[in-house]
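Please put together the full structure from these sequences, using the hints given.
Residue numbers (the numbering used here), protein chains in the order written: chain A, 17 to 512; chain B, 76 to 188; chain C, 75 to 832; chain D, 211 to 348.
To be clear, the hints were calculated from the coordinates, so they are not data collected in a lab. There's no promise every hint is true.
Sample of chain D residues with no beta-carbon within 12 angstroms of chain B, all distances over it, derived [what the hints assert, rightly or not]:
#, residue
1, Thr-224
2, Phe-247
3, Val-263
For lysine to aspartate or glutamate, the following EDC-like pairs were computed, each having C-alpha atoms within a straight-line distance of at most 20 angstroms [to be verified]:
#, chain 1, residue 1, chain 2, residue 2
4, C, Lys-823, A, Asp-118
5, A, Lys-366, A, Asp-498
6, A, Lys-441, C, Asp-599
7, A, Lys-441, A, Glu-451
8, C, Lys-364, C, Asp-505
9, A, Lys-441, C, Asp-505
10, C, Lys-588, C, Asp-505
11, A, Lys-441, A, Glu-365
12, A, Lys-123, C, Glu-829
13, A, Lys-441, C, Glu-607
14, C, Lys-680, B, Asp-177
15, A, Lys-123, C, Glu-827
16, C, Lys-781, D, Asp-310
17, A, Lys-441, A, Asp-498
18, C, Lys-828, A, Asp-119
19, A, Lys-366, A, Glu-490
20, C, Lys-364, C, Glu-418
21, A, Lys-441, C, Asp-425
22, A, Lys-366, A, Glu-418
23, D, Lys-238, D, Asp-310
24, C, Lys-828, A, Glu-451
25, A, Lys-366, A, Asp-119
26, C, Lys-364, C, Glu-420
27, A, Lys-366, A, Asp-381
28, C, Lys-364, C, Asp-599
29, C, Lys-823, A, Glu-461
30, A, Lys-441, A, Asp-381
31, D, Lys-238, C, Asp-784
32, C, Lys-588, C, Asp-365
33, C, Lys-364, C, Asp-425
34, A, Lys-366, A, Asp-118
35, C, Lys-588, C, Asp-425
36, D, Lys-238, D, Glu-318
37, A, Lys-441, C, Glu-225
Being a predicted model, the structure only gives us computed values, none of them experimental. Quick reminder that beta carbons are idealized off the backbone N, C-alpha and C, glycines included.
Below, each chain spelled out in residue letters.
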Amino acid sequence: MMNNLCVLPVVIPMAAGVLLILTHARPVVSRAIAISANILSLGVALALVETVRADGIQLLAFGNWPAPFGIVFTVDMLSALMVAVTMVVSTATLLFASVSLDDRLEKNFFYPLFQFLLMGVNGAFLTGDLFNLFVWFEVLLVSSYGLMALGSQGYQLQETFKYLVVNALSSALFLIGIALVYGATGTLNMADLVFKFPALAESGMAGVIAVIFLVVFGIKGALFPLYVWLPRAYYGPPTVISGLFGGLLTKVGVYALFRTVTLFFAPSSSFVLPLLSFVAGATMLLGVLGALSQWDFKRILSYHIVSQIGYMIMGLAIYTPLALAGGIFYIIHHILVKTSLFLVAGAVEKRYGTTNLRALGGAADGSPLLATLFMFAGLALAGAPPLSGFVAKFMLLRSGLEAANHVIVAISIVVSFLTLYSMMKIYRYAFWREEAETAIVVPGEPVRTFAIASLVTLSLVLGLGGALLLPYVEIAAAQLLDPAAWGTAVLEARVR
Amino acid sequence: MHFAVLTVVAVFITCGVYLLLDRTLLRVIIGLGLLSNGVNLALLASGGLGAGAAPILGHGSAAIVDPLPQALILTAIVIGFGVTALMLTLAFASYQSQLSDDLEDLHGRLDDE
Amino acid sequence: MPAVFLAAALPFVVSPVLLLFRRPDRRAGLLSAAACAGAFACFVSVALGASPATVALPWIGPLGLSFSLHADALALFFALLITGVGFLVAAFATSYLDSNENFPRFFSFLMLFTGSMLGVVLSSNLMALFVFWEMTSFSSFLLIGFWHHRERSRYGALKALVVTGGGGLAMLLGFVMVGIVCGSFEIAVLAERGALLAASPWATPAVLLIIAGVVTKSAQLPFHLWLPSAMEAPTPVSAFLHAATMVKAGLFLVARLGPLLSVVPLWTPTLALVGLLTMTWCGWLALRQKDLKALLAFSTVSQLGLILVLLAPAEPDTTAAGLLHLLNHACFKGALFLLVGVLEHELHTRDLSLMGPLRRNMPFTWLLIALAALSMAGVPPMGGFVSKELFLDHLLNGHPLLALLAVAGAVLTAAYCFALAAGLAAGRRPDGPRGQDPSLSLLLPPALLVAATIGLGFFPDQLVGAPMAAATLAATGGSVTGHFAVWHGVGPSLLASAFAISMGLALWWGWWQKRVPPAPTLVADRVYDHALEQLEAWARRLTASYMSGILWRYCSVILLTVIVGVAVVVASQGFVMQDGWSSRHAGPWDLAVCATAILAAVATLKARTRLAAILALGASGFSLALLFALSAAPDLALTQIMVETISVPLFLAVFAFLPPYQVDRVRRARPLHALLAVAAGLGTALLLAASRSQRVAEPISSYFVDKSVDAAGGHNVVNVILVDFRGLDTLGEITVLGVAAIACYAIIKLLSEKEAGR
Amino acid sequence: MNDSLILATAVRITRPVLFLFAVVLFLKGHNAPGGGFIAGLVTAVAVLLGLLVHGHGNRKTGRPTFLYVVAAGLGLALLTALAPTLLGWPFFTHSFGFIDLPLLGSVELASAALFDLGVYVVVVGNVVTVLYALTERR
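Written out as C-alpha cells, the structure is:
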C-alpha cells in the first residue's frame, strides 16, 4: 500500500520547525505552533497505527522510484507504535517546557530544535533504507546537540562536546558499516538486504557487519559497555530536555537494534542472540548499580535509563513472539514512564532549585500531587503492579522462563528489586523529611502537573488495560519475526 | 589502484583515531576530520575502484563508475561539514567558559559532592 | 452489581475521594469506617448466599491474566476479618489521631491498603493475587512512613518495603514458574494440576521462591527484622496491618496454595520448621523488650510462626486450628496494639520500665490489656487457649524435638504475656506518668475485640465452627474431623498447656520480674544495615572506576568493543579475501596523490603548532579531493575542495586564540592508543577489501544510470541521485545543515548573554 | 594598510566572479558537475572573502538574519517535495519538461532544480551564520 500518510510524521515537524525559526522571538506564537504541530502529528501517528492494524504494512516509495532503488518508508506496526508514543511524550514534554523553560532558552530556538529532533526521530522509525537511517540519525543527533547545549553553561558545553565526539565516532562506524554492506551486497534497501544478506553468512562477513552495527546502535541505545557517555550528558541540559532525551533518544538506538537484528543479523549469525543476552544482563546490572551510587535525582534517573534498556534487549535476545512483544511493550512503557519521571524531577527542581537529594526534602508535603505522580511512575519503572511496567516485565519473565534463559531472568528480578529500592530512596529523601527551605512557588504548576499526570495515567491505563495494547505489540512482534514477508511486501509493492 | 587507496584509508583512519584519543581539544577535532575523510574514501572504495568514466551521461557510451557511493559520500561530506561547524562552535564556547583546552580538565563531576 | 465486586472496589473508590477532604477533617475517618462496614455487609450477604460469590473481570486474557474475584469460604473468612477489624481500626483512629494530623492522607492510604488486602484474598488468579500482594507492601510503606519527618519512620518504611518487596519479587518468579508448568494462572485450575507441578524440575525452585514470599511477608525467620521497625507507624496501622491483616497475607497464601504446593515434599517441613523456630526465638526476643510495641511486634512474629506451623501440612484439622488461632490472634493482638496506642497517647511513653501503676489509674485499659494477654498466653477459658491446645496436640504427635520446641515457645509466650499484664498492673515506677482511661470511643473498639476472643473461648464451635469448617473445606478440600471445644478432657496437650503456663509464670516471676533484660540488637538488623551500606559503597566504587568523564576513555571503550568483537568473529568464522575487484591500475599520478595524502595525515600527528596541524588537515582534505578527481568523481572533488576552503578558515577562527599548543601531554596510555588506532585503520581497510571481493549481487546503481536521463531528466547521475532518486537523503542533509546553523547561533548568543550578564 | 588595500581590490574583483561561477555551477548541476550544494559553498566563499576585508561592519550582534535564509531554503525544499502529494503522487515525485526560450534555446525546467535551489539557499544560510557566529566575538 503506497500511502503518503507515512511521510507526514516527518513533514509536519519539519514544516513546524521552519515556521518556528521565523517566529522564534515570539514565545507565545511559537508555543501555539509547536503544540498544534505535535497534536497534528499525534493524530497522524494514531491514524497510521490503525491503518497498519487494518491493512498491514504501509509503504511510501519516495519520488515514485520503486524499492530497492529509491528510498522507501516501510511502516509496520513497530514503526507506527514508535512514532505514536514519540508524539505522545513529546507533546507532554512540550507542554511542560512551555511553562518551565527560561524565556531566554525559549527565544533561542528551543522550539525549532525540538521539532527537528522529532523529525529525525520519526524518520529513523519509518525508513526502510540503511543510508537513509544514517541521515535521520544525523538529523536527530544534530538537533540533540543543539538542545543539549541550550543554555551554554560550562558543564553543559563540555558534556555536549563529548557527546558529540562520541556520536561522531559512532557515525563514522555507521558509515564504515554501510560501506561494507554496499560493498558486499550492492544495495542499501533493508528489504532487499533481507534476501541478500544471508549469503554473507558463510564468509564471516555477516558476523563482522553485525558486530559493527550492534556497536553503532549500542552506542545510541546505551548498551553495555557503550553507555559511558550517557549519565553526564543527560545531566547537563534543562531537566525537561533531559526528560525528552531520556525517554526517547536511546530508544531510537533500541528500535534500530530490533529492526536490524530481526531483519538480518539474527537470521544470519548465530552468535548475535547469545551476545545480546549477555549484553542485556550486563546493561541492567551495571546501570542499576550506577543508580545506587548516585545522590542526585536526575543522575539516578539517567543511570536507570541504561538499566532499563537491558530489559528491552532482553526481549530481543530471547527472540520468541512473546519476548519481542514484551520488549516492544517495555519500550513503549519506558518512554512514557521515564519521561514522566524526568518531568517530576524538573518540577521538583523548579520548586526547590536543585535535584540533589541531600538538599531536597518534604516535597510530599509541599506538593502532594507531585509525590503521588512520582510514586506511580517510580513504581511503574520498577515494574510494580498493576502499572505498565509490570505487564511488560511479566511478558519478559514468562518468555525468558519458557525459553529456559534462567540467568537473564534471575538478573532481571534482582535489578527490579534494586530499581524499587532506588526509587524509594528518591522518595525517602526528596519527598519525605521536613520541607527544604529553598522552596519557592513558581507559576505554571498546574500545567506541569497535567503534563506529568497524562503520562502517568497512560502508564496506569497500559497496566490495567494491557489488553488494549497487547494485540498491537503482538502484531508488531509477528511482523518482526517474519522478515521474509516484510521484505516481499516491500519489494513487490507497485509504484504508480 | 585499490592497494594505494586502501593504504590511504588505513592511514587516515589510523591517524584519525590516534588523534581522537588525545586529550587536547583541537587534536580531537582534527582526528575526527581525518577519520571522516578516511571513511568517505572507504565509501568510494565500496563502489569498486574500476576503470570508468565519471558518471555523467551523454559523453559517449564508455563504462562509468558506480555513482551511488559518490552520492552517499556527498551527503556524508555535507553532514560532516555541518557537524564540524557545530563541533567547532562547541569547542570554542566550551573553552570560553572553562578556559582550558585539556579534555582531562573537563571531565565533569561524578556527582554533587 | 455483584456484592463481591462492590465490596472489593469500595475501598479503592473511597481512597482517592478521601483526598478531597480538608486536612483536619475527621469525617475522612468516618467515611473510611463506613466503607469498611459497607464492605463487611456485602461479604455477609455473600456468605449468606444472597449474592454470587464469583465475578469475572478481564485483564489480559491472552497472557492468562484476569482480575476475577472468587469469594469462597476461605476468602470470605479473611475478607470479613479484614473489613471487620478495618472498621474498628478506622473508628478508633478517627478519635485517636491528633487533630492536626493529615486525616485525608492517612485514611486514603488505609483504604488503599484495605482494598489491596481484599484483592489478595479474593483474587482467583495467581498474578492478580500478586498485584494486590505488592500493593499491600506499597501502601504499608506509605503508612509506616506516615510520620515521615521522623528518621525512624522512614527507615522502618524502607526496610519493610525492601524485605517484603524483595520477597514478593522472588514469589513472582515462583508464580510464573508454577503458571508455566501448570499451564494456567487460575488458582482453581492450578489446584487440580499438582501432578504436573510435581513432575517438573522447576517444582523445587518454584516452591522455594514462593516460600521466600511467604516468610518475608509474614516476617518469619530470618526476615523477622522488618516488623519491629515497622512499629514506627501510627498505632492503628500497627494494629491493622502488622497484627491483624497484612502479615497474615503470607499465611493466607499458605492456606490457599498449600494443597497444590504440598505435592512438593519440601513445602510442609520447610514451613513448619521455619514457623517453629520463629515462634520460639521471637518469643524469647519478645520477652526481652521494654518497648511495648517492640514486645508486641516480636510476639506477633512468634504467633505467626505458630499459625504457620498449623497451616503448613495443608490438612483439614490443622488448617482449621490454624485459622482459628489466626482469628484469635487478630482479636487479641489487634486489641493489644490499640490499647498500647491508648497508653502511648495518655502516658507519652511506650517503655515498660518507665510506667506507673496502671491498675488504679487506668483500670479499664489495664483490664482489657490483661484479658487480651491472657488469651495470648493460652490461659483457659480464653479463645487463645482453644487454638493453642490444638497446636500442642498437633505437635505432640510429631517428632519429640519439635514438640520440645513448641512447648518452649509456649512457655516463652506465657512469660511475656504475664510480664505484659502483671507488669503493667503494678508499674515499674510508682512515680511514673499516670494517665486516665480514655473516652469510650477509644476503648470500645479494643473492648469489642477482647470480647470476641473471650467469646471464642467459651463458645468456639457455636460461634465459628461452621464457617471454619467451610473455610477449611475450601482451602484443603477435606472436612474437619473434630470440634472446637474449650474442654478436651485430660490429655497430653492439656498437661503441656498447664506446664507451659506454670513455667511461664515461673519465668516471669523468677527472672523477668527482677530486672528487665536489655533489649538485644538483632543480628538480622545488623546484616540488613551492613548489606545496604556495603552495596551502596560497592556500587559507588564500581561506578566511579569506569565512569571517568574522560573523553578518550569513552572512545577507547567503543573502539575496543568493536575491534575485539570483529576480531573474535573473524577468528572464529574465518575470513575470505580475494583480489581483482579493482580493475584500474594505479598510475604515477594516483601514487603521487596517495603519497601526499598519507604525508598530510602523518603531518597532523607531528604538527607542533596549531596552525600547522590545521593546515595539515586541510592538505589531507585537498589531496582527498584530488584522489576523488582521479577516481572519476568530479562532483566529490569539487565539493571536497569547497568544504576545505571554508573549513580551514573556520578552524583558524576558532583556534587562533588558544594558549600554546601542547602535544602528547599524556603519555601513559599512548601504546594502547596506537594499537587501537592501527587496528582500526588496518581493520577497516582489510574488511573493505574483503567485503568488496565477495559481492553477492549486482549493485542497484545500474538502475540509476538507466533511468537518469529518460525518467529524471538529468545527465549528471550523482546529482540526479541527490535531488531525485535519493532526494529524501538530501532533505535530511540540508536539515542537518540548518539545525547546525541554528545550534551554533544559539550557543554563541546564549554564551554572550551569559557573559554580558556576569 | 597597503596589504589590506590590495586584498580589498582583489576581493572586489573576485567576488562577482565567484557569484557568477556559483550561478553557473548551480544551473549546470543537473547535467554536469555542480549543483546546489557546491554553488552554495562557492557563494559562501564569496561572503567569507567579504568578511575578511570588511569585518562585520556595523552588523548588530545577534540578529539571526541568515537563519531566516536557512528557513526559506528548507521551506522551499520541503514545498517542492510536498507539491506532488497534492496531485496524489508520492512525496518527492519530480517532473521536468523543456521549453524553448529566445536566445537560450531549449531549456529544461525541472522541479528537481527548485529543490536544488532550496539546497543552495540553506547552504549559504548555514555557512554565513556559522561564520558570523564564530567570528563576531572578537
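These are the hints, each one checked on the structure:
With a least CB separation of 22 angstroms from chain B, Thr-224 of chain D remains clear of the 12 angstroms interface cut-off, as annotated. A Cβ of chain B approaches the Cβ of Phe-247 of chain D within 12 angstroms, the least distance being about 6 angstroms, so the stated non-interface status is violated. Distance check for Val-263 of chain D against chain B: the nearest CB is about 22 angstroms away, which clears 12 angstroms, and the non-interface claim stands. With a CA separation close to 15 angstroms, the supplied pair Lys-823 of chain C and Asp-118 of chain A stays within the 20 angstroms bound.
Between Lys-366 of chain A and Asp-498 of chain A, the direct Cα distance comes to roughly 48 angstroms. Violation of the 20 angstroms bound is thereby established for this hinted pair. Distance check on the hinted pair: Lys-441 of chain A and Asp-599 of chain C sit about 19 angstroms apart at the alpha-carbon level, within 20 angstroms; holds. Proximity of Lys-441 of chain A to Glu-451 of chain A is assessed by CA-CA distance (about 16 angstroms); at most 20 angstroms being required, the pair is judged to hold. Taking the CA atoms of Lys-364 of chain C and Asp-505 of chain C, the gap is near 18 angstroms; set against the 20 angstroms cutoff, the hint holds.
For the proposed pair Lys-441 of chain A and Asp-505 of chain C, the alpha carbon gap of about 43 angstroms is over 20 angstroms, so the pair is violated. Proximity of Lys-588 of chain C to Asp-505 of chain C is assessed by CA-CA distance (about 18 angstroms); at most 20 angstroms being required, the pair is judged to hold. For the suggested pair Lys-441 of chain A and Glu-365 of chain A, the alpha carbons sit about 17 angstroms apart, so the restraint of at most 20 angstroms is met. Distance hint between Lys-123 of chain A and Glu-829 of chain C is fulfilled; the C-alpha atoms sit about 18 angstroms from each other, no more than 20 angstroms.
For the hint linking Lys-441 of chain A to Glu-607 of chain C, the alpha-carbon distance of about 13 angstroms falls within 20 angstroms, and the restraint holds. With a C-alpha separation of about 18 angstroms, the suggested pair Lys-680 of chain C and Asp-177 of chain B falls inside the 20 angstroms cut-off, and the hint holds. Of the supplied pair hints, the one linking Lys-123 of chain A and Glu-827 of chain C holds, its CA atoms being roughly 12 angstroms apart against a limit of 20 angstroms. With a CA separation close to 24 angstroms, the supplied pair Lys-781 of chain C and Asp-310 of chain D exceeds the 20 angstroms bound.
Annotation: proposed proximity of Lys-441 of chain A to Asp-498 of chain A is violated, straight-line Cα distance about 43 angstroms (limit 20 angstroms). Proximity of Lys-828 of chain C to Asp-119 of chain A is assessed by CA-CA distance (about 14 angstroms); at most 20 angstroms being required, the pair is judged to hold. Between Lys-366 of chain A and Glu-490 of chain A, the direct Cα distance comes to roughly 40 angstroms. Violation of the 20 angstroms bound is thereby established for this hinted pair. Simply put, Lys-364 of chain C and Glu-418 of chain C have alpha-carbon atoms about 13 angstroms apart, close enough for the 20 angstroms limit, and the pair holds.
Between the alpha carbons of Lys-441 of chain A and Asp-425 of chain C the distance comes to roughly 31 angstroms, so the proposed pair goes past 20 angstroms and is violated. A threshold of 20 angstroms between alpha carbons decides the hint, and for Lys-366 of chain A with Glu-418 of chain A the separation of about 46 angstroms lies outside it, so the pair is violated. For the hint pairing Lys-238 of chain D with Asp-310 of chain D, the CA-to-CA distance comes to about 17 angstroms; that is within 20 angstroms, so the pair holds. About 32 angstroms separates the Cα atoms of Lys-828 of chain C and Glu-451 of chain A, which puts this hinted pair outside 20 angstroms; it is violated.
Pair hint Lys-366 of chain A plus Asp-119 of chain A holds up; C-alpha atoms about 14 angstroms apart against a cutoff of 20 angstroms. For the proposed pair Lys-364 of chain C and Glu-420 of chain C, the alpha carbon gap of about 18 angstroms is at most 20 angstroms, so the pair holds. For the proposed pair Lys-366 of chain A and Asp-381 of chain A, the alpha carbon gap of about 16 angstroms is at most 20 angstroms, so the pair holds. For the suggested pair Lys-364 of chain C and Asp-599 of chain C, the alpha carbons sit about 18 angstroms apart, so the restraint of at most 20 angstroms is met.
The hinted pair formed by Lys-823 of chain C and Glu-461 of chain A fails the criterion: a straight-line CA distance of about 29 angstroms is larger than 20 angstroms. Between Lys-441 of chain A and Asp-381 of chain A the alpha-carbon distance is near 17 angstroms, which keeps this suggested pair within the 20 angstroms criterion. Taking the CA atoms of Lys-238 of chain D and Asp-784 of chain C, the gap is near 18 angstroms; set against the 20 angstroms cutoff, the hint holds. Distance hint between Lys-588 of chain C and Asp-365 of chain C is fulfilled; the C-alpha atoms sit about 17 angstroms from each other, no more than 20 angstroms.
Taking the CA atoms of Lys-364 of chain C and Asp-425 of chain C, the gap is about 5 angstroms. The hint holds against a cut of 20 angstroms. Restraint check for Lys-366 of chain A and Asp-118 of chain A: satisfied, since their Cα atoms lie roughly 11 angstroms apart, inside the 20 angstroms limit. Annotation: proposed proximity of Lys-588 of chain C to Asp-425 of chain C holds, straight-line Cα distance about 16 angstroms (limit 20 angstroms). Taking the CA atoms of Lys-238 of chain D and Glu-318 of chain D, the gap is about 11 angstroms. The hint holds against a cut of 20 angstroms.
At roughly 13 angstroms between alpha-carbon atoms, Lys-441 of chain A and Glu-225 of chain C fall within 20 angstroms of each other, so this suggested pair holds.
Of the numbered hints given earlier, the model fails hints 2, 5, 9, 16, 17, 19, 21, 22, 24, 29; all others are met.
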